[in-house]
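Position chain X against the provided structure of chain V, taking the given hints into account.
The residues making up each chain are set out below.
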Amino acid sequence: MPVTRRHLLAVIPAVGITAFAVGCARMLSRMQQGDYDPRAIHTPMLNQPIPDFANLPSLPGLPPSFDAPTLRQQDHPVLINFLASWCIPCVTELPLLKELSTHVDIWGIVYEDKAERVSAFLNRNDQPYQRVGHDFSGKIAIDWGVSGVPESFLIFPGGRIVWHNSAGLNQEVITREVLPLLELTP
Amino acid sequence: MMELFGPEEGHYALALGCVLALFQGTLPFLGKCRSLRSLATLAVPLAISQCGALLLSFICLILAAVRDDFSVKNIAENSALNKPMLYKIAGVWGNHEGSILLWIVILSLCGAAVACSGHHKTGLTSLFRAYVLAILGLISGGFQLFCLLTSNPFTRLIPMPADGLGMNPLLQDPGLAFHPPILYAGYVGFAVPFAFAVAALISGNVNSLWGRWVRPWTVAAWALLTCGITLGSWWSYYVLGWGGYWFWDPVENASLIPWLSGTALLHSAIVTEKRNGLKIWTVFLAIASFSFSLSGTFLVRSGILNSVHAFANDPARGIFILSLLGLISGGALFLFAWRAPTLNNGPLFSPVSRENALVFNNILLCSLCAVVLTGTLYPPFMQLLFGRTLSVGKPFFDSTTIPLVLPLLFGMGIGTSLSWRHASLGRTFKRLRPAFFLTLITAIPLYWNFRNILAFSAACLALWVITSSITDVVMRLRAVHTLRHLPRGIWGACLAHIGVGVTILGICGMDTAQHAIVASHIGEHHQLEGNDWLLTSVRSLNGPNYQALQADILVSHQGKEVATLHPSLRTFITPHQSTSEVAIHSSIRGDLYAVFGGVQHTNPETYILRLHDNPLAPWIWIGGLIMALGGLLSLPYHRFRYSKQNNLQKTHRTAVSRDHTPCL
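If you read the sequences in order, they're chains V and X.
Under this note's numbering, think of the first position of the first sequence as 1, with each following residue one higher.
Under this note's numbering, think of the first position of the second sequence as 1, with each following residue one higher.
Chain X extracted, bound-state conformation:
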């Protein structure tokens, strides 16, 4: 029975998915032109069956990897007999072809989710939904053609080798097994707001109902992207062993750019939903976020960016994705240029109001996005235009992003407490007074821990964000009396904002991190930040597909044992490569982090160790997860229940007044 799902079947299912996607992409428009409603309604079953075909194809590739079918070129090049089972499966998306297939599978899942979302309850007309599905189908069809024509994961290899070439040992890590699917889900998830935006431009109608449809998809994509970036950053921290969490590597930036524009979209869609405003801007951000995701994919796969993330680069693939990017994003933006000026942009806002605070948020987030975009694209374009090579690194990003992040943090604390339409500054400040004093009290003891005034002020603002988010919820709770009456969106926003504060605190803590590189004999003591690090022994170990040299380091503080760290140096057999396994002792106060660098063959032997003391490091990733959790919490599972189009106005009013009452 299982023999049925071989690579040929997978290849066939992929081709079938491609045909279905192209039908899904064209029939609704054809139906509109010919006034055949039934053609348009076909989009729903097509989206679901396309998803089924692609899932089947993906399962076939995984099964081929599990069965060590080295007649499939992709598996022969990336897998090996002695690879652990988890990495045989995860290895499927650890390379270019497999990851493109995963990308498409996730896109088709999004399409199926849109097709299945109950549209009668939300007032989503079936024609509009057919448009959205058609656009998703066109994107999906384009990428499936790319997969079939230039990067087919099912290409056969004859004769079949006895063993595979193996996988890069750095990728054989649980963090990296889950990082790509989640990150792609985030990237690809922005295709849904994009499709909604393009459908709105085609139909020429953007209103608060549209904002209501777009927001949950945006929040879901954003939460997954946040999770994916957090996992990636954590992976680079504990696998690469460089002791840092963010390197402003072009590929990291390629994920940060859509995250920033997606965060802006998340907030501007609130204004569209609640106040029927910022409509053109929200449509633009929806198009921009997915375009940035696509550009990121293109820049990484084409090899244009000089990065540590190496995919097998092939300019022919680059040209194909560039054409897709041109058709999808270029097409959408030209449509935007044509149709957007005719849209009605809604009411003007009074200067002190929640909606204006969200505009302020959007200006800062988009400036941040522009800065990161400039820093990422400047080197390749300088080289193209003037033939000059240069690199843009941490100093540029630090000096440009920090001045934008600080006011953003300050505004985050105030924004949530402002009411819609007209807010009173006096009342808002009165409301925030407890948060202000709490920040002051918690910040004073911090002063002596930071040598850098910039890090200290960022930490204060992070505390301000946390305390003001909590104050805001407490104030609202006092007004509504029971927990149940507070909308989940408010809980979600509070949690996400606290997450930002926690991450910023972690980053500020890492600013005070200390490290030392020592050449140590066994039994030698080293002092770092008040801790005593003792190299007790070095042993050799045998792993499943590697040999390792492991050091035992005893860390103690004032004679009391804190932790025992076991960093090791692994030498893999296939491919022949060595990696350094970092040892980390995490606690809420921070990380003790040790890297085994190498051996000097002196007598007695000297071991090179790198020791780090990273205060508050885990907070960075905990904060990221809190943010993502906040996003997931605010997803409106039940909000659509009573929002039929005819009583939208009513719910709209209740939503507004609900937000008004807590402003005591």
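Just chain V, same shape as in the assembly:
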């Protein structure tokens, strides 16, 4: 029986499902060994240097933006806060951040949001940020291991991540975790 084009076409789906099944089997076996986690989006370990990023676009009517070298060169701690105007916990934590901004500089990175919305949102509320950058593509958030907003990172001089909180801040977390760390500043 001669092999026609039809034979070749008919084999494609079988090859496809074989590749799919082999791939999934690899994923499952690596999940069992623990070196493949579909949920974790590259979580940066504490005490790691901050990931590199170029100057973020700034937003109209808000403080200037920043890049990774600027963040590293600071001689005092900085709290990096990922936010969005569409997220309710971000709104809820704003007064707390404002209060905290008397103790530490807070720099904001806007995640997946429209520039004019954020500008309006932050200008309407009493905004606590000294610098605000726009992560338009969402790539910075992935590099930092952000899985949602709000998330906060405390950066010590030299660009080391010393603390990470992947939820909205509350008074208890601030007094118990953030303020003691600030006293440790080198």
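Wrong hints could be hidden among the right ones.
List of simulated lysine-lysine pairs, DSS-like, C-alpha gap at most 27 Å [what the hints assert, rightly or not]:
1. Lys-139/V x Lys-394/X
2. Lys-139/V x Lys-114/V
3. Lys-394/X x Lys-274/X
4. Lys-430/X x Lys-114/V
5. Lys-114/V x Lys-98/V
Rather than coming from a laboratory, the hints here were simulated on the basis of the structure.
Just chain X, lined up with the frame of chain V:
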């Protein structure tokens, strides 16, 4: 008497069902090899008794849940004494083990339905039916083994706890009580076309009669899947409180992929039935649709996909389902690779004809399916191959699906008006002229409502689909004089196409949705899209198993009261978790949607509210229901009456000429 139906009896019935299914899966093939016809005919009683055993097992699990039998581990982990009765019952399928049992029960119901369908009238030979039942039996047996060996819903817990752990409050909702059974019925329903396809590959004969058998099962599965997806989308809209209706979540995509390939199958089976063409392709789509359903089940249960739909994930279960998937779909596709090239693919089509329009439809639907599949599988495979993590979201899907949907909508309007074999473009355009002008007239006032040209063109095309479907039926009615003479399939197709148009209009309307997050004191006014939202009061309430804080928001338009919304924030006792109850005021123009986000303890207290104005939002789900209704309407309850095999050719001709005459 009722004491008879305890968990042990349920466990036994499940094991019995498994044995019956395995016999059902092997006897027909054995009968064929040994030339023992009587063995093959056993498949029918086996399918019916398997269904009985599984129903009994399912009833036993429900009874255990109703009786708060916490000695059953599954119930202790997912139920609680103070849970309302509806959710005690619905909670049975709100978890992994119970939902797998439901999956199997539905599959056995499909098997019993095939066994009971009158085969003499349809020309379905008893041997072919035995093959179909055997394949269904093998699938069912595999999943029952999975259920018994890795996810047994009847596992006991000793000592028995006094109270259960409770159910995720998000799942305690009527929408979610009915969403899984309907969705599973859709998923599992595609097992029947799959079994027909595999049986056809085994027997080596695909003809228009085969298309006639497959189509009603496909339509039924498709209609249920449409309904299930619609309900799921509606649930996420009003329960999650994110204000959206589709999030391109991998699990949502896992239901959309078989829906798209099933829609393609639905249309290609028409060509197989009416013109004896596209046979290999239809067989392939039948296999693919069920394979996508199975892959969806696998991806969700194994935890490979990163999704909001969390099942208790266990890689061991994943390996079991993957093996089943490999055996069922892999086996079918290898059989396809072996046998399909020998099938005769039927006649070639002329470029302008109904059958070619359906080919165009299939190309677009399958491209859409491929796009969604790529977007869903790309992240896990990238992570596996290159160790890079990334997420594929709305921007990717928007930019890839919209260019495919627009021509699809355009073609939908024209396709139904083309006649079979050879259509005349001039006559078709003449026929569609009223639809074109109607679209133009209705589209002009819409222009000012859309800021986005893409949304506007999609809305125009949706109007085009609706008007051309109506025009088509009106033209046909003029030709046949009475309503009764128009085949129900035409009514069904018209309704389903109108449903698509309505859904697309809803989606376009949602594109112009506006929202605002406000921190509000009591008595404060907020403006959104010309409406005035006033927070009048906030009260605390006590529910059966939760405490709630409820806001009263008065919405008015130019001083006239439109609605009072009561969003609330519920704190559940078991498990300790809070949920936000969205308040929605729906009307044909759209939804007013309010979410109670939280409280800031200032003096006086500030309440965080999220207010949405969602134009045309209900149309999305109404359209989905219309689509499903169209599918159910076109089910051929009576069409088989005069279609004995010997006069198939005759009916075939009448069907063709019936479709010809209306083309005036």
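Comparing the hints with the structure gives:
no., hint, verdict
1, Lys-139/V x Lys-394/X, "holds (15 Å)"
2, Lys-139/V x Lys-114/V, "holds (16 Å)"
3, Lys-394/X x Lys-274/X, "violated (39 Å)"
4, Lys-430/X x Lys-114/V, "violated (46 Å)"
5, Lys-114/V x Lys-98/V, "holds (23 Å)"
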